[in-house]
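Undergrad: One-letter residues, chain by chain:
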Amino acid sequence: MAFALEFFLRRISQGVLIVLAVAFVIFTLLRIAPGDPIRIILGPMATPSAMEETAERLGLRDPIPVQFLRYLGDIARGDFGNSFIRGKQGGTTGGSQDAAGAPPVERAAVIELIARALPYTLLLAACGFLLACLVSIPLGILAGVRNSGWPQKVALYLSSFFVSLPNVWVGIVLIYLLSARTGWLPAIGYQHIGYVVIPAIVVAVELAPVMIRSISVAVATNVQDPFYEIGQVRGLSARIMLFRHVLRNAAVPLLNSFGAQMIGMLLGGLFVVEYIFSFPGIGLLTINAVFQRDFPVIQTVAIFASTVLVFINIAVDFASTTIDRRLKF
Amino acid sequence: MTILSSIPQSSAPARGQSVNARILRLAWRSSEMKVASLLFLALCLLTLLGPFVIDASATKISVADKFLPPVFMEGGRLPYFLGTDQLGRDLLLRSLVGLRNAFLIGVVSVMLMFVLGCAIGIFSGYRGGWTDVVLMRITDIQMSIPVIILAITILGMSRPNPFTIVAVLVLSGWPIYARVARSVTLAERQKEYVRAARIIGASDLRIMVRHIAPSILPPIAFVAVLDVARMMIFEAIFGFIGIGIQPPTPTFGTIISGGTQYLLNAWWITIVPGCLLALSLGSLNLMGGVLERSRNLVLQGAA
Amino acid sequence: MAAEPLLKVENLSICLGSAGAARPLISNVTFAVKPKSVLGIIGESGAGKTLLSRALVNWVRPPLVITAGRVIYRDRDLLALPETDMARLRGREIAYIGANPTTALDPTVPVGHQIEEKLRTIEPGLSRQAARKRVVDLLDAVRIPSARSRFDEYPFQFSGGMMQRAMIVDALISNPKLLVADNITQPLDVTVAAQILRLLRDLQRDFGTSIVFVSSSFGTIVDIADEVVVLDKGSIVEAQDTGRIQRNPVHPYTKDLLAKVPRLWHGVGSIPEANAEPVVLSVRDVAKTYAVKDRTSLFRKNRVQAVRGVSFEVRRGESLGLIGESGCGKSTLSRLLSSLEPPDHGAIEVNGVDVATLRGAALLSMRRRFQLLLQDPYTSIPSHVSIGATIAEPLRIHRLASGRGLREQVCGVMQDVGLSPDLYDALPVGLSAGQRQRVNIARAMVLEPSVLILDETLSALDQVEQARLLDLFDNLQRKHGITYLYISHDLAMVRRACARIAVMYLGKIVEIGDNETIFGEPAHPYTRTLLSSVSTVEEKPFLPKDYLLEGEPPDPIHIPEGCSFRSRCPFVIETCRNVEPPLSPRAGGSAAACHLGLDRLPAPSIVLKAHNGSDLKRMDSL
Ligand code: SF4
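Chains as they are written, first to last, in full-length UniProt numbering: chain A, 1 to 329; chain B, 1 to 303; chain C, 1 to 622.
These are calculated hints, taken from the structure and not from any lab test. Please note that the accuracy of each hint is not assured.
25 angstroms max Cα-Cα, derived SDA-like pairs, lysine to any residue [stated by the list, open to error]:
#1 C:8 with C:201
#2 C:293 with A:318
#3 B:34 with A:161
Cβ-Cβ distance ranges computed for the label pairs, FRET-style [as the list claims (entries may be wrong)]:
#4 B:204 with C:126: 53 to 59 angstroms
#5 A:122 with B:247: 33 to 39 angstroms
#6 A:14 with C:352: 47 to 53 angstroms
So these bits of chain B aren't anywhere near chain C, every CB distance computed over 10 angstroms [claimed, not checked]:
#7 42
#8 43
#9 54
#10 127
#11 138
#12 150
#13 160
#14 219
#15 223
#16 257
#17 260
#18 261
Only a predicted model underlies this, so the values are computations on that prediction, with no experimental measurement involved. Every residue, glycine too, gets a C-beta built ideally from N, C-alpha and C.
Produce the complete structure using the sequences and hints provided.
TA: This is how it looks when you write it as structure tokens:
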């Protein structure tokens, strides 16, 4: 199908450009930020000459574009650099600043750190998202179909309430209630699947209000559309019209808000939640990296995150243009 | 539906009012709106008057008074309504100051991102062509850096202060406004009144500022209320991670994170200020939600 | 024929709202529909037609409430049926087609699939193949070209006429006993509407379906209905069979309604004459092509040839009418004329100066002399600005007045167009369509233009308001010597207002001439097709049976070689296939683009009387 081919050719080339631009922005930001990476690598006791030598060797004295190109070249070979801080043996529990004094060669490859943390993040994301769907899809649809009545009220109250709760606070309250006080569930770190429950609830509480709102608005808009009522006059039941047609049409704005808003929220939420719960995923890795000025880790995570966002958006746009053929791209 | 609009001179009382007035009126008719705005007003008053009325300090350390529970619990005493924290500072006052700071940061950053985003969006949508492509790709780039990553990169690397915090929030928030404003402008540009304005000789700038902006911005502005709440939450998160406004100025984030160590013995240090924050955000969100719903109803012609 | 009616409506009343504040919209309506016959319901907009037709399928939703009456279909009261039983009748025995076919189906699912879905819901036993075959066959039967591939196309790929055909298929696929058709020809172009009407008549004969045909056009109703009921403000004022109601209407309202139907040939009143003043606006060989994305191939764009070389001249104080159906390029031409877009080639000259060469101040002052009025009175003026400020805006932009002088000037213009100056500080909300259109007119007139383009300006208004505004335009023309260019699809309006008329088809002018020639003795088959399709209550010189063929204009991407009208022309000859006829002059300053001479076309079926000596009422005296 020519259309799909052109779509992907065009969007993927655009997407690669965007990721490159993001990478450059982040790369530059980190280079001009205060804090000399050499001192971080070598520790506070290093002599000026040793520092200068290391800087030369690592190419840190070249102009930023040159460094960036070299970095891209490394990435092309699959080398995302080594952590400034973390040793090869770095544990998965994270949070600990291990092997700060280890010689540079012994530092862990960033890509390995990420590969180790990614499954945890994915697990948490999947659980949180599923949980949010479980609540918001039925409620959102119910609230969207009718312009009044209890589902509408419940949806409004619930989403206004949930959205007012800062996730850091929800996290701590849940730790207090479900873990510290009662001991029902484990909370800090990760040892088995039980550790994912409370963090997932926090992620879901953050996502649900947005989802409820977008679903009910999208459904309500399409229920207003003449084809819904006319379909019933044509002899199709309201149920068929709702499930086969209204939801199909509502999927388009939903996919859009998913790509534009929810994925970003989910990522941000994961970062914070992992930090609160010392959950050994990408977020914790990154936040610790920031405090330790572990530049290679930060920039790799940022590039990864924006790549994921860009490509999810391409997928989302493809799905919506496939559903609604009127859309251009 | 057409059937209702074809009925001559419908008796709806809303006739003779502009769209915005109708949205506000419809919103005000719901009881949620009244409750939420009353609550919000009360909190505002408390924030303004609290420091004068309550005989305690938000920043002065007083070891003798540390870990006092709220007055409604055993061991609590006045003037510490909501108790004190680990350093004996009054929690209510700390929360109120935090609330005020968070609110100011929220309002300022939303206003800035609204103006910046909508200006770029209208320009982009109205101009179209290459201008549009370039500007929209820039929003793409901006939107593909998650807020939290951007914030921890910038704020974590530099010393955070209110200006940098607002700057980070605006930087990460404007693209959404630009997107929305652009897509409405695209539709609006096709409308007859724009063509009519061009025919009478109006310049592009005039059309954008005098014609398009007044008709598309109010509906977007109603929903911006929700974003104020969102920004306040971000501010709290920044504070919690340690990249918000720095101590000793109290913020929700620092109060909450400071209290986590004492969760088991002095849970109120964390929980109580959070409730206050949730209450104020709840009132904002409820207002925003009602406004949004009324806007949708009015724009769909159902009211 | 069995006398027992298929459907009986007894004392039906419907209100808006309930209890104390209820406003009656339908009161005490009673009528019956005989089997295998067509009942026409006519009424003006706001008479409650749509509501009544929806009540027949029990589709009345709050805040509308049925307060009394019964709708009896084969001994069962539809209004009292439980929703499940009603659902069993809807779409099966009783079908409904609405006025707006383009929004009737799910926009994201192919048209054929949706009809198939309906068929298989109604007959669950039917296999996919069998259902599909039946739908394709019926699509074929309503003369949708290449029905098999159309089956998989989406609603937005269908034109309004094609979509209405599809909706007819959707309604008839279940072999209903009763079809309720609510104003189904209203949004369509005249030739397409005429085709749909003929199709419906044929189908009614073949299927033996009873039809309730609702319309606001008397011409359409008398064309199709066996019996007519007249609805005024929710009540039936007269019911008769079609022949009689035309010859001797009883109720004054019916008479009034009949008299309001525009006349094209009999008793049209005075017709504007062409004059010999200098040329003000001259359009020379203007063309415009747009590139649109082609979804079926890689990186290819399609070229939509919207306007393909149009030339004409308008003299000072004259009115030229530009008519054509949707897609003929008249709206593109209007955009080019308002110089919001440049033509690809060709020139638009105002008083001898090529507009495209103007920049800055010169362009601004040309704009001032050259104004355009748009169709939609609701979206063309801003709703948050006071009426006075809206009208004053052009004066501010052109820096022509300020302060007191500005207010006076605006009030003067408001009086000129029949708006009370008291409205100066009011917001436009609450104004009627006619008043809004006057605000538009005032905003253009305040610049004292010498050329005024009216792009469907009057189409959104009812007959009475239209007539009033036409008079207003006449006065303004006499007072200020303005030149008008009417761009319209409304033949009756053009007949009444324009001295010269140009007919457009597929981006070109196919015929141009003075009013009398175009309506009395047009030389192009398309002009005659147009005239034959108009729904009127008078005798027509050109009849659909001679001129109306099936098919729609080819799309402007794939314009065929030769004469662009050849796919629909009843007189096509071999030459037409590959030689494009030029616009060749005839006697009296008119011209037509057809290979055939006047003598090769059928003679008009009636000879027109001299236009002034008429005993019928003039339209504008109503
Ligand atoms: S040129 Fe031929 S096809 Fe064209 S209108 Fe004349 S007769 Fe018909």
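Undergrad: State for each hint whether it applies.
TA: Going through the hints against the structure:
no., hint, verdict
1, C:8 with C:201, "22 angstroms, holds"
2, C:293 with A:318, "16 angstroms, holds"
3, B:34 with A:161, "16 angstroms, holds"
4, B:204 with C:126: 53 to 59 angstroms, "58 angstroms, holds"
5, A:122 with B:247: 33 to 39 angstroms, "36 angstroms, holds"
6, A:14 with C:352: 47 to 53 angstroms, "49 angstroms, holds"
7, 42, "33 angstroms, holds"
8, 43, "32 angstroms, holds"
9, 54, "45 angstroms, holds"
10, 127, "15 angstroms, holds"
11, 138, "24 angstroms, holds"
12, 150, "35 angstroms, holds"
13, 160, "41 angstroms, holds"
14, 219, "12 angstroms, holds"
15, 223, "19 angstroms, holds"
16, 257, "47 angstroms, holds"
17, 260, "49 angstroms, holds"
18, 261, "55 angstroms, holds"
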